[in-house]
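Protein chains: 2
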Amino acid sequence: MTGSREVAVALLHYPVVDRQGAVVTTAVTNLDVHDIARSAHTYGLSKFFVVHPVAAQRELVLRIRTHWVDGSGARRIPDRKPAMEIVRIVSSLDDVMADVGRNAELWATSAAPGGTLDVGHAREALGAAGPPVVILFGTGWGLAPEVHERSAHRLVGIRSPRVDGYNHLSVRAAAAITFDRLLGDSAV
Amino acid sequence: MTGSREVAVALLHYPVVDRQGAVVTTAVTNLDVHDIARSAHTYGLSKFFVVHPVAAQRELVLRIRTHWVDGSGARRIPDRKPAMEIVRIVSSLDDVMADVGRNAELWATSAAPGGTLDVGHAREALGAAGPPVVILFGTGWGLAPEVHERSAHRLVGIRSPRVDGYNHLSVRAAAAITFDRLLGDSAV
Chain A
1 MTGSREVAVA LLHYPVVDRQ GAVVTTAVTN LDVHDIARSA HTYGLSKFFV VHPVAAQREL
61 VLRIRTHWVD GSGARRIPDR KPAMEIVRIV SSLDDVMADV GRNAELWATS AAPGGTLDVG
121 HAREALGAAG PPVVILFGTG WGLAPEVHER SAHRLVGIRS PRVDGYNHLS VRAAAAITFD
181 RLLGDSAV
Chain B
1 MTGSREVAVA LLHYPVVDRQ GAVVTTAVTN LDVHDIARSA HTYGLSKFFV VHPVAAQREL
61 VLRIRTHWVD GSGARRIPDR KPAMEIVRIV SSLDDVMADV GRNAELWATS AAPGGTLDVG
121 HAREALGAAG PPVVILFGTG WGLAPEVHER SAHRLVGIRS PRVDGYNHLS VRAAAAITFD
181 RLLGDSAV
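Chains A and B supply the protein sequences, listed in that same order. The numbering of the first sequence is our numbering, which starts it at 1 and goes up by one. The numbering of the second sequence is our numbering, which starts it at 1 and goes up by one.
What the hints contain is simulated information worked out from the structure, not anything from laboratory work. Just to be clear, a hint being listed does not mean it is correct.
[Unchecked claim] From the structure, some residues in chain B lie toward chain A, with a derived Cβ separation under 10 Å:
#1 H34
#2 I36
#3 R63
#4 D164
#5 A175
#6 I177
#7 G184
Note that this is a predicted model, so its numbers are computed, not measured. Note that the Cβ used here is the ideal one computed from N, Cα and C, for glycine as well.
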């Protein structure tokens, strides 16, 4: 099922927390841009916002995008182009809202307990009519508390089936799994 | 549900196909090792085989593994260590079988049509008693035909819900989604 609502994704580099819980700004990882763009486009998301407050980091992402949309990358691997075309480079969550719509619902994610929107209800909500949804992922050790406070929902986290609960997915893997759970073919 | 059978994963750099379908050897991607190790360990897989016929490439993966298991990486990000500890570096699929067991079942994956083992039956098979299973992923444009011929099953591919069928997940994303489908908490 592809939901009838517009669904976008945003990867925040600020405000996120570090290992100790302090609010920090992280650096851009090249493969985050590629992998999340490819996964988002495969699952029909409308846009992938890379959110970074530092101009030089935004410029880096813009160069990556341009290489794959208009440059030699687009000629070498044409399949990458439609994925990279959905990348939007912005400086804050406010910019995301300005693009997607002031009525957009922010859905936060976290590996920690505390999420209340489970997959079944999320799929139901996406299948019904409603405002755009922006799924938020944090780099580093995850989204800062202020992002959770601003969000309409927090998705139930991806739980490890392990007895010891080890759960250290990359944000690239967590995004792919989340898109598959929320927007993947329900017939599988 | 965590299956009662041992499940391992192997990432093949040979024999895989390129865009034109020719059988080639690909180079190791550092983040494949990290991301697939983290996803595999989170979902309770026993081992992650990085399969490469070239000694210098195996040496590279060994250096990455050592850095994160015994080196400064292990001190900086201790969470990475248990994931990297399941990495095994071998030169061929025969070496994988020699390690996991000659009775192991190979389950191939592909983004192309042709898979016959769906998620429901795969979960059922993993929940029952049986020999170890090794899930195979190909780098490049996927596993070569000879790998499919040698496999007991080919999993039904991850389908895009898009009307145009665009489906270009990274192997890192495809592995994460596959582990979640086959071994993820079924209560979600």
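Worksheet entry | Evaluation of the interface hint that places A175 of chain B against chain A, nearest CB under 10 Å | Nearest chain A Cβ about 8 Å off; hint holds.
Fill in: Status of the hint placing D164 of chain B at chain A (closest C-beta pair under 10 Å)
OK, holds: D164 of chain B within 10 Å of chain A, min 9 Å.
Worksheet entry | Residue hint I36 of chain B, partner chain A, criterion CB-CB below 10 Å | holds, 9 Å
Item to complete: Grab the minimum C-beta distance from I177 of chain B to chain A and call the hint holds if it beats 10 Å, violated otherwise.
Response: holds, 5 Å
Worksheet entry | chain A contact restraint for G184 of chain B - C-beta distance below 10 Å | It holds, given that the least Cβ distance between G184 of chain B and chain A is near 7 Å, below 10 Å.
Worksheet entry | H34 of chain B as an interface hint toward chain A, with CB separation required under 10 Å | holds, 7 Å
Practice prompt. With chain A as the partner, please determine if R63 of chain B meets the hint condition of a C-beta pair closer than 10 Å.
Written response: For R63 of chain B, the interface hint is violated, since the closest Cβ of chain A sits about 19 Å away, which is over 10 Å.
Checked against the numbered hints listed earlier, the structure breaks hint 3 alone; every other hint is satisfied.
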